[in-house]
Amino acid sequence: MTTSVFESQALTLLDQLKAEGFEFQVAEPDILRVRPVDRVTPELRADLQRHKSALLMLIRIGDAGVQERRELFARQLAATPSPQVPLFVYCAYVPYVKGTCFSCRDPLPEPRFGRCWRCSLAWRLAAGVSIDVNLAVALDAAKVCA
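If you count by this note's numbering, then the sequence shown holds residues 573 to 718, one letter each, in order.
Be careful, since some hints might not be right.
What the hints assert, rightly or not - Restricting the straight-line Cα-Cα distance to at most 25 Å, the calculated cross-link-like pairs of lysine to any residue (SDA-like) are:
hint : residue 1 : residue 2
1    : K624      : D602
2    : K624      : L680
3    : K624      : F594
4    : K590      : D635
5    : K590      : L604
6    : K624      : L604
7    : K590      : A618
8    : K624      : E600
9    : K624      : V609
No lab work stands behind these hints: they were computed from the structure.
Turn these sequences into a full structure, and let the hints guide you.
Written out as structure tokens, the structure reads:
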């Protein structure tokens, strides 16, 4: 069983459906919207449900905000001498406060310390860290400081 979204059947399914004219959108929290709805057959609905976690991650990876952050984080990584790793911060001088992403200032969905989903995903992409279908979101949710 593969856990990388880039090696999953979801990538093939997403590519196929986009070629057939389907459009995808992620609504928080973790709602997958597919259009046109009238072309979603019961079989396709089952496939979408079976691969939902990976599809959500793949769609998020393509998000423009994720790509902007990834590009900046990749430049930060390239400019940092090995074996050091940069902090991967999108905006300088962001206060470290509950409910705000310490990287970009975006609001977090709950009052906790940490990164938003875009910054969390972008640093993984920039650093070449495997994006595990089952654990990526859970790992960030677990980074709660009291």
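Verification of the supplied hints:
| no. | hint | in the structure |
| --- | --- | --- |
| 1 | K624 <-> D602 | 9 Å, holds |
| 2 | K624 <-> L680 | 23 Å, holds |
| 3 | K624 <-> F594 | 15 Å, holds |
| 4 | K590 <-> D635 | 15 Å, holds |
| 5 | K590 <-> L604 | 14 Å, holds |
| 6 | K624 <-> L604 | 7 Å, holds |
| 7 | K590 <-> A618 | 17 Å, holds |
| 8 | K624 <-> E600 | 13 Å, holds |
| 9 | K624 <-> V609 | 16 Å, holds |
Hint violations for this structure: none, all hints satisfied.
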